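2 protein chains.
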Amino acid sequence: MVEFGKEFRKKYFSLLEEDITPLNHGSYGLTPTPVMDAYKKAAENHEHYPDEFYMISAHDEYVKQLKTIGDYLNIKYNNIAFVTNATTGVNTVLRSIPFDFKKDRALFHSTTYGACGNVVRYLHDYHGLEYDVVDLQYPLTDDEVIALFEEKLSTKQYKICMFDMISSMPGVKVPYERLIKLCKKYNTWSLIDGAHAAGMCDMSFIDKLEPDFLTTNLHKWLFVPKSCGLLYVNPKHHKMIQTFPVSWSYKCDEENSEINDDNIMIEKFWFYGTAAYPHIHATSAAIEFRRDVCGGESKIREYQIQLKEKAIKSIKEILGSDAELLDNAEKTLAVPGLFDISFPIEKKYVKVIDDMEKDEKNYLNFKAFSHKHMIEKYKTYAPTIYHNGKLWLRFSVNVYNSEDDYKEPIHLLKKAINESLEHFL
Amino acid sequence: MVEFGKEFRKKYFSLLEEDITPLNHGSYGLTPTPVMDAYKKAAENHEHYPDEFYMISAHDEYVKQLKTIGDYLNIKYNNIAFVTNATTGVNTVLRSIPFDFKKDRALFHSTTYGACGNVVRYLHDYHGLEYDVVDLQYPLTDDEVIALFEEKLSTKQYKICMFDMISSMPGVKVPYERLIKLCKKYNTWSLIDGAHAAGMCDMSFIDKLEPDFLTTNLHKWLFVPKSCGLLYVNPKHHKMIQTFPVSWSYKCDEENSEINDDNIMIEKFWFYGTAAYPHIHATSAAIEFRRDVCGGESKIREYQIQLKEKAIKSIKEILGSDAELLDNAEKTLAVPGLFDISFPIEKKYVKVIDDMEKDEKNYLNFKAFSHKHMIEKYKTYAPTIYHNGKLWLRFSVNVYNSEDDYKEPIHLLKKAINESLEHFL
Numbered sequence: 001m002v003e004f005g006k007e008f009r010k011k012y013f014s015l016l017e018e019d020i021t022p023l024n025h026g027s028y029g030l031t032p033t034p035v036m037d038a039y040k041k042a043a044e045n046h047e048h049y050p051d052e053f054y055m056i057s058a059h060d061e062y063v064k065q066l067k068t069i070g071d072y073l074n075i076k077y078n079n080i081a082f083v084t085n086a087t088t089g090v091n092t093v094l095r096s097i098p099f100d101f102k103k104d105r106a107l108f109h110s111t112t113y114g115a116c117g118n119v120v121r122y123l124h125d126y127h128g129l130e131y132d133v134v135d136l137q138y139p140l141t142d143d144e145v146i147a148l149f150e151e152k153l154s155t156k157q158y159k160i161c162m163f164d165m166i167s168s169m170p171g172v173k174v175p176y177e178r179l180i181k182l183c184k185k186y187n188t189w190s191l192i193d194g195a196h197a198a199g200m201c202d203m204s205f206i207d208k209l210e211p212d213f214l215t216t217n218l219h220k221w222l223f224v225p226k227s228c229g230l231l232y233v234n235p236k237h238h239k240m241i242q243t244f245p246v247s248w249s250y251k252c253d254e255e256n257s258e259i260n261d262d263n264i265m266i267e268k269f270w271f272y273g274t275a276a277y278p279h280i281h282a283t284s285a286a287i288e289f290r291r292d293v294c295g296g297e298s299k300i301r302e303y304q305i306q307l308k309e310k311a312i313k314s315i316k317e318i319l320g321s322d323a324e325l326l327d328n329a330e331k332t333l334a335v336p337g338l339f340d341i342s343f344p345i346e347k348k349y350v351k352v353i354d355d356m357e358k359d360e361k362n363y364l365n366f367k368a369f370s371h372k373h374m375i376e377k378y379k380t381y382a383p384t385i386y387h388n389g390k391l392w393l394r395f396s397v398n399v400y401n402s403e404d405d406y407k408e409p410i411h412l413l414k415k416a417i418n419e420s421l422e423h424f425l
Numbered sequence: 001m002v003e004f005g006k007e008f009r010k011k012y013f014s015l016l017e018e019d020i021t022p023l024n025h026g027s028y029g030l031t032p033t034p035v036m037d038a039y040k041k042a043a044e045n046h047e048h049y050p051d052e053f054y055m056i057s058a059h060d061e062y063v064k065q066l067k068t069i070g071d072y073l074n075i076k077y078n079n080i081a082f083v084t085n086a087t088t089g090v091n092t093v094l095r096s097i098p099f100d101f102k103k104d105r106a107l108f109h110s111t112t113y114g115a116c117g118n119v120v121r122y123l124h125d126y127h128g129l130e131y132d133v134v135d136l137q138y139p140l141t142d143d144e145v146i147a148l149f150e151e152k153l154s155t156k157q158y159k160i161c162m163f164d165m166i167s168s169m170p171g172v173k174v175p176y177e178r179l180i181k182l183c184k185k186y187n188t189w190s191l192i193d194g195a196h197a198a199g200m201c202d203m204s205f206i207d208k209l210e211p212d213f214l215t216t217n218l219h220k221w222l223f224v225p226k227s228c229g230l231l232y233v234n235p236k237h238h239k240m241i242q243t244f245p246v247s248w249s250y251k252c253d254e255e256n257s258e259i260n261d262d263n264i265m266i267e268k269f270w271f272y273g274t275a276a277y278p279h280i281h282a283t284s285a286a287i288e289f290r291r292d293v294c295g296g297e298s299k300i301r302e303y304q305i306q307l308k309e310k311a312i313k314s315i316k317e318i319l320g321s322d323a324e325l326l327d328n329a330e331k332t333l334a335v336p337g338l339f340d341i342s343f344p345i346e347k348k349y350v351k352v353i354d355d356m357e358k359d360e361k362n363y364l365n366f367k368a369f370s371h372k373h374m375i376e377k378y379k380t381y382a383p384t385i386y387h388n389g390k391l392w393l394r395f396s397v398n399v400y401n402s403e404d405d406y407k408e409p410i411h412l413l414k415k416a417i418n419e420s421l422e423h424f425l
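For the protein sequence lines, the chains are A and B, in the order given. Letter by letter, the first sequence follows residues 1 to 425 of my numbering. Letter by letter, the second sequence follows residues 1 to 425 of my numbering.
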């Protein structure tokens with residue numbers, strides 16, 4: 001077996017350009033070449049006999065892949081559906097709820113993924129749904145996060161509360177199990193954005209804790225080709241949930257009643273319009289890759305966690321003594337593949353950071369410039385975030401990374417960030 | 001140059017299984033092998049350097065492809081956006097409208113594509129939007145269609161009217177240019193489902209007549225790989241329209257104002273979530289195929305129309321003297337690639353047809369059985385529809401079809417349908 005790291009990258013992530021250092025799995029994922037081959041083959045399968053494919057094979061293939069992913073993640077397959085990505089999962093839920101826009105209220109947190117927060121903003125701007133935002137300024141302990149949510153939830157004015165399993169920016173773990181219970185306590189539906197979850201977290205809590213809704217990407221940490229995510233829906237909402245887009249399989253109350261309760265999700269989601277489904281059909285290839293080639297989830301995470309420790313040490317050394325890892329005293333913000341390190345600001349650039357504090361637009365301009373600069377000039381990239389008064393870099397760790405990725409490339413990133421700060425001086 | 005027909009199929013539609021007869025381009029389209037190759041290459045491009053792809057190249061590539069398709073179809077590129085398919089286009093529009101659900105009303109017609117009708121049903125069931133349906137029983141003249149719509153529209157109670165360019169089942173042309181004008185006359189927004197339009201109709205009327213919204217598939221008659229459609233939005237609605245799903249690019253009124261008016265559609269639609277975009281990037285390959293390999297749109301349509309005439313003659317001969325082409329006296333229902341022929345019912349099966357008339361479920365059961373039977377047993381397929389008291393078969397004609405496709409395979413279809421009728425006796 002090829003060991004994780006350089007040789008593994010060379011053999012199994014061979015589509016990646018040789019001269020780049022991939023430190024940002026967190027944003028777009030990366031597909032192993034054998035999985036990509038399965039994807040291309042599946043795409044061609046559509047074309048062999050389209051009538052047979054769409055009208056006969058597609059249903060069974062969908063169920064087969066659903067069972068495979070359900071088994072692998074330990075979630076009952078009748079309660080899940082494939083969706084394009086987690087953002088689409090969030091749209092699917094929030095736009096399947098027959099809100100009483102005059103009365104209902106939603107809650108989410110300030111570190112919610114921008115796209116998902118926008119769905120609530122859209123419902124507010126277009127239909128009048130009211131909402132509140134829990135402000136999270138990291139580092140925070142789990143108790144502090146829970147207390148901030150409880151302060152709001154205990155007012156019992158929320159129909160639904162949306163929260164992350166692992167936030168994107170900064171990349172930190174959220175106490176999602178406790179939040180599910182908290183929502184239940186205050187009779188609020190939970191909608192969990194697990195965009196970074198599958199492939200980093202044990203998902204078997206879902207069937208135990210039974211949240212209302214949960215969505216995860218499969219094309220990010222689980223190596224399924226894009227565009228692929230999963231949506232879990234608590235059985236009590238199977239009749240309410242509709243596909244996104246609404247299509248042939250739309251079911252009103254009466255039509256729902258004609259289907260065996262166990263099959264409602266499948267009958268709605270297996271086909272909702274002529275589209276390409278190769279990502280769904282390549283899901284089993286991704287699972288085989290993780291199980292057989294990588295040796296399973298625990299082996300993958302073990303490697304990530306070990307390499308992460310070395311990476312943190314190396315990055316802090318390179319960025320300077322003020323660089324700090326984002327975590328709390330109990331170390332509960334940590335996840336296997338993502339971590340954030342603050343970027344020490346030289347005295348001459350403090351003004352640029354102060355400008356970011358004054359106006360978010362200044363940060364956004366810096367972000368646009370620095371991201372392009374890192375990618376184009378230095379062939380490596382770590383997303384930046386201005387959070388709680390500091391500039392942070394988010395790094396990823398995966399099976400194709402090795403210690404060297406966090407040495408010389410970090411010098412380049414440091415240079416790129418300082419050059420970008422200089423640009424805005 | 002290879003001539004259209006058998007040799008053309010063999011060379012350019014080589015993914016198609018050899019022993020099937022493709023008579024149903026209308027449902028799922030079919031992708032030429034060189035275009036599929038471009039698609040696979042584009043899918044791999046995502047993986048070479050994802051940060052560079054999504055954060056730098058993707059925007060320019062999107063605009064490039066948008067300009068290419070806009071040029072080819074003669075539509076201003078600033079007013080269009082790529083969408084998954086026409087059903088998603090319809091969802092995008094109907095769910096971007098801040099309806100006053102207490103007051104607003106929608107109109108569509110009985111032959112509307114089921115998935116699109118369902119979007120209005122969803123808005124009714126979940127939010128209370130009222131709607132009416134224009135009942136169309138073909139054959140009808142254009143004047144008759146217009147009169148039926150005007151009867152409703154002249155009441156001036158509709159916010160929006162959704163209608164087809166070419167209906168799917170039965171496959172007939174709708175007088176869409178006159179309907180656009182009629183909507184304007186009665187101050188009703190027009191939403192046009194042109195699912196079958198691009199690749200069969202001249203689309204240059206859009207910029208002249210300026211409907212409110214129009215969507216078309218590109219992955220059907222235009223040979224773009226799935227999942228690919230286009231959405232036209234009249235400039236006066238660019239600020240209102242939002243992507244589907246709502247994502248990063250959501251713009252409220254204030255944010256819309258910060259963008260140059262010409263770029264609103266592009267800035268919203270170029271990226272709305274991590275997803276695979278190879279279909280968009282293969283659009284130019286499909287256009288090259290139609291222009292360079294096929295010799296252009298008029299050559300394609302000329303072939304379709306000529307072959308269609310021969311096909312109709314042959315099919316009528318095989319199905320029997322009662323078989324009739326669905327058209328009106330002015331022959332304005334005809335389109336280049338689709339036609340419907342009634343299936344003559346033997347006396348002993350009349351009861352089965354009568355049962356369909358009594359209860360739609362009987363037709364749906366027959367449909368499910370007969371479609372599977374045709375596809376699996378006889379390796380050819382034409383969708384059936386029970387419409388206006390008759391059972392119709394819808395046939396497609398494309399550049400990979402030849403006269404022979406409408407000879408022996410029609411005997412097989414006749415057998416399959418009669419065996420299916422026998423099954424329900």
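Simulated from the structure, these hints should not be mistaken for lab results. Heads up, a few of these hints could be off.
Claimed, not checked - Just the calculated beta-carbon pair ranges, DEER-fashion:
(1) B/SER298 x A/GLU210: 57 to 67 Å
(2) A/LYS347 x B/LYS76: 43 to 53 Å
(3) A/HIS423 x B/LYS76: 54 to 64 Å
(4) B/ASP262 x A/SER110: 27 to 37 Å
(5) B/SER57 x A/HIS423: 34 to 44 Å
(6) A/GLU7 x B/LYS67: 37 to 47 Å
Claimed, not checked - Cross-link-like lysine-lysine pairs, in silico, DSBU-like; alpha carbons within 30 Å at most:
(7) A/LYS159 x B/LYS103
(8) B/LYS159 x A/LYS103
(9) B/LYS361 x A/LYS64
(10) B/LYS6 x B/LYS361
(11) B/LYS316 x B/LYS239
(12) B/LYS361 x A/LYS372
Computed from a prediction, not measured in an experiment: that's the story for all the values here. Quick reminder that beta carbons are idealized off the backbone N, C-alpha and C, glycines included.
Taking the hints in turn, this is what the structure says about them:
1. B/SER298 x A/GLU210: 57 to 67 Å: holds (60 Å)
2. A/LYS347 x B/LYS76: 43 to 53 Å: holds (52 Å)
3. A/HIS423 x B/LYS76: 54 to 64 Å: violated (36 Å)
4. B/ASP262 x A/SER110: 27 to 37 Å: Hint holds: Cβ distance 34 Å, inside 27 to 37 Å.
5. B/SER57 x A/HIS423: 34 to 44 Å: Taking Cβ atoms as reference, B/SER57 and A/HIS423 lie about 22 Å apart, which means the hint is violated.
6. A/GLU7 x B/LYS67: 37 to 47 Å: holds (43 Å)
7. A/LYS159 x B/LYS103: Holds, at about 26 Å.
8. B/LYS159 x A/LYS103: OK: B/LYS159 and A/LYS103 at ~26 Å, within 30 Å.
9. B/LYS361 x A/LYS64: holds (29 Å)
10. B/LYS6 x B/LYS361: Answer violated: B/LYS6 to B/LYS361 is near 39 Å, above 30 Å.
11. B/LYS316 x B/LYS239: Since the Cα atoms of B/LYS316 and B/LYS239 sit roughly 51 Å apart, the hinted pair is violated (cutoff 30 Å).
12. B/LYS361 x A/LYS372: violated (58 Å)
When each numbered hint is compared with the structure, violations occur for hints 3, 5, 10, 11 and 12.
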